[in-house]
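Q: Each chain is listed here by its residues.
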Amino acid sequence: MLEIENLVTEFATRDGIARAVNDVSFELKPKEILGVVGESGSGKSVLGYSMIGLVDPPGRVVSGSVRFEGRELIGLPEEEMRALRGKRIAMIFQDPMMTLNPVLSIETQMVETVFAHESFDRAKARKICLENLELVGIASPERRLKQYPHEFSGGMRQRVAIAIALLHRPALIIADEPTTALDVTVQGQILYEMQRLVRETGAALVWITHDLSVVAGFADSVAVMYAGRIVENGRTEDVLHSPRHPYTRSLLDSVPANNIGQVRLRQIPGMTPSLARLPAGCSFRERCGHADAQCSSMPEMKTSVRCHHPLC
Amino acid sequence: MTVYVLRRLAQTLLVLFVTSGLVFGGLYLVGDPVEILVNPQADQEERARTAAALGLDKPVLEQYGLFLKGMFAGDLGKSFVFGRPALEVILERMPATLELAFLAMLMSVGLGIPLGLYAGLYPDRKTSKAIMAGSILGFSLPTFWVGLLLIMVFAVQLGWLPSTGRGPTENVFGFSISIFSVEGLRYAFLPSLNLALFKLSLIIRLTRAQVREQALLDYIRFARAKGLPRSRVIGVHLLKNILIPLVTVIGLELGSVIAFAIVTESIFAWPGMGKLVIDSIFQLDRPVVVAYLLVVVFMFIMINLVVDVLYSALDPRVRIAEAK
Chain G
1 MLEIENLVTE FATRDGIARA VNDVSFELKP KEILGVVGES GSGKSVLGYS MIGLVDPPGR
61 VVSGSVRFEG RELIGLPEEE MRALRGKRIA MIFQDPMMTL NPVLSIETQM VETVFAHESF
121 DRAKARKICL ENLELVGIAS PERRLKQYPH EFSGGMRQRV AIAIALLHRP ALIIADEPTT
181 ALDVTVQGQI LYEMQRLVRE TGAALVWITH DLSVVAGFAD SVAVMYAGRI VENGRTEDVL
241 HSPRHPYTRS LLDSVPANNI GQVRLRQIPG MTPSLARLPA GCSFRERCGH ADAQCSSMPE
301 MKTSVRCHHP LC
Chain C
1 MTVYVLRRLA QTLLVLFVTS GLVFGGLYLV GDPVEILVNP QADQEERART AAALGLDKPV
61 LEQYGLFLKG MFAGDLGKSF VFGRPALEVI LERMPATLEL AFLAMLMSVG LGIPLGLYAG
121 LYPDRKTSKA IMAGSILGFS LPTFWVGLLL IMVFAVQLGW LPSTGRGPTE NVFGFSISIF
181 SVEGLRYAFL PSLNLALFKL SLIIRLTRAQ VREQALLDYI RFARAKGLPR SRVIGVHLLK
241 NILIPLVTVI GLELGSVIAF AIVTESIFAW PGMGKLVIDS IFQLDRPVVV AYLLVVVFMF
301 IMINLVVDVL YSALDPRVRI AEAK
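For the protein sequence lines, the chains are G and C, in the order given. Under the working numbering, residues 1 to 312 are what the first sequence spells out, in order. Under the working numbering, residues 1 to 324 are what the second sequence spells out, in order.
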């Protein structure tokens, strides 16, 4: 249903060209859940924007292809892309405090989304909105529909955003860290709801996160991104239980839950490299304990890992 | 809401009271109007008669007390110079100033918001850079000089528009208004353009800055991700958010356009309140100056009240804060 091949998205910055998405390829089947994991600045959000045509200048998709339901999305005229957005591909964002427009009522923001793609009458559009609010677990939707975003808690706002994303029963939902800004308990609820909703509506889901433990629970497969590239991908249990890329290994080691008691947390030495000034060869080379002379050439992506010396 | 408006009106009375005291005292210190009003050859007796006729022979506090008494009855005293009620003299001139202010605000808002939006949405285009450069000029060139230039180009060299004075007026609900006729608009165009230039630049720059800031926020991206047409993302989602700070500035500027149209009115010989008050200050015509300031203060407060009410219409968060 979704095939991404050699996608490259660049940003012109003061320091030079930054490749936020660098030669990314993956496939997604209907109803599949893919977790995209990476640190801040690894290009995972830009990957999401590239898929839905929301990369703003100074950024642009330079090359590669995004095929969705048999159509090539890269280079699609803006009007056709708009017709897809919110209809077949929906996106939800990180901070629910920021994604809903503070000065428009929930009703306005939901109904306009219906009208963007369908010419129903207002009563029918409202009915669809109410059904979707109910679907995401919002009590007394009739009253809530008339309210404004500031009258909702963070978790409730994210539910509203999810309800908006589901309005047209999209085939693909891109979720850009939608639980990061929420309390852990609320996070759990939203994760649970999301899992239920994609199952019920039959949508495929790309879940972008920096939190491996989020992915562990419910993604079918995982792609680990580092400095704009996918360095490892595969089925969730394979990647999490027997990581093959040293970066994935270090990422797993730095999750606090794995170190109970007074054990010092493992950190990845150094910092994420600037995307405009990547080291030659493997981008992780300078922070990797296994690096040798061979690593100064860029490793190919082979059998789901991009490394000269895969673990295991 | 009603309680809020009533409380604001009560505050208004207090502000008017304080203003009147300050202006009254200030003008008393400046000099004795009798010196200006009477014939220099007049003898002591005639001076005393004039002072008594104007009520200037009483101690200043008593004069102020009498003035306050009159104020609450709606009487702001008689002009020393015109011998007519001060308020009447001012209200007579007010329509001329108000129509100038109205046209100027219409120009600056009607042009400023679209131009600012354009410059904010397409910051790299040449047109946008030209708009911003123009706004710097509008911002920094002195009003009187621009006014003279406008007269030189459009009235003297091209001869398209009249340079001074006000066009024919017609009676609308008891006010004499000139801008409902083409001829009247021809007269009003240059002065209001002159008056608008600074506000226009201000609104362009403010709108652009707001657009640049808000367009990066997530709610815009989310609106686009919903598949909304660009016209709706900009015309509803973006515009409604940038209007909140704009309304404050527009309100303040409307007040200042009314109160400080003096320079423009002088250059274009526009018979408005600004011209009147300058003359009155020179002639120490205290009732007119005091009445003028009270009228202006009152208008400022009213405009601010309207802005606050508009605020709550624009921003639902303000509505809630009030109810609590």
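In short, the hints are calculated from the structure, not lab data. Source: prediction; values computed, not measured. Wrong hints could be hidden among the right ones.
Pulled from the structure, derived: some chain G residues nowhere near chain C, Cβ distances all over 10 Å [stated by the list, open to error]:
# : residue
1 : T13
2 : G16
3 : Q94
4 : S105
Which bits of chain G does chain C cover? Going by a derived footprint, with three or more residues having C-beta under 8 Å, they are [claimed, not checked]:
# : stretch
5 : 97-103
6 : 112-121
7 : 185-199
Here a beta-carbon is modelled for each residue, glycine too, at the ideal position from N, C-alpha and C.
Q: Now, for every hint given, state plainly whether the structure supports it.
A: Evaluation of the provided hints:
No beta-carbon of chain C is positioned within 10 Å of the beta-carbon of G/T13; the least distance is around 15 Å. Here G/G16 stays apart from chain C, with its beta-carbon at least about 19 Å from theirs, past the 10 Å limit. Non-interface status of G/Q94 relative to chain C is broken: a Cβ of that chain comes within 10 Å, the nearest being about 8 Å off. Residue-level check failed: G/S105 sits 7 Å from the nearest beta carbon of chain C, not beyond 10 Å.
Given a C-beta distance limit of less than 8 Å, the hint that chain C covers the stretch 97-103 of chain G holds, as 6 residues qualify and 3 suffice. Counting residues of the stretch 112-121 of chain G whose beta carbon lies closer than 8 Å to any beta carbon of chain C gives 4, which reaches the threshold of three, so the coverage claim holds. Coverage of the stretch 185-199 of chain G by chain C is violated in this model, with 0 residues showing a Cβ closer than 8 Å to a Cβ of that chain against a need of three.
In this structure, the hints that do not hold are numbers 3, 4, 7, in rising order.
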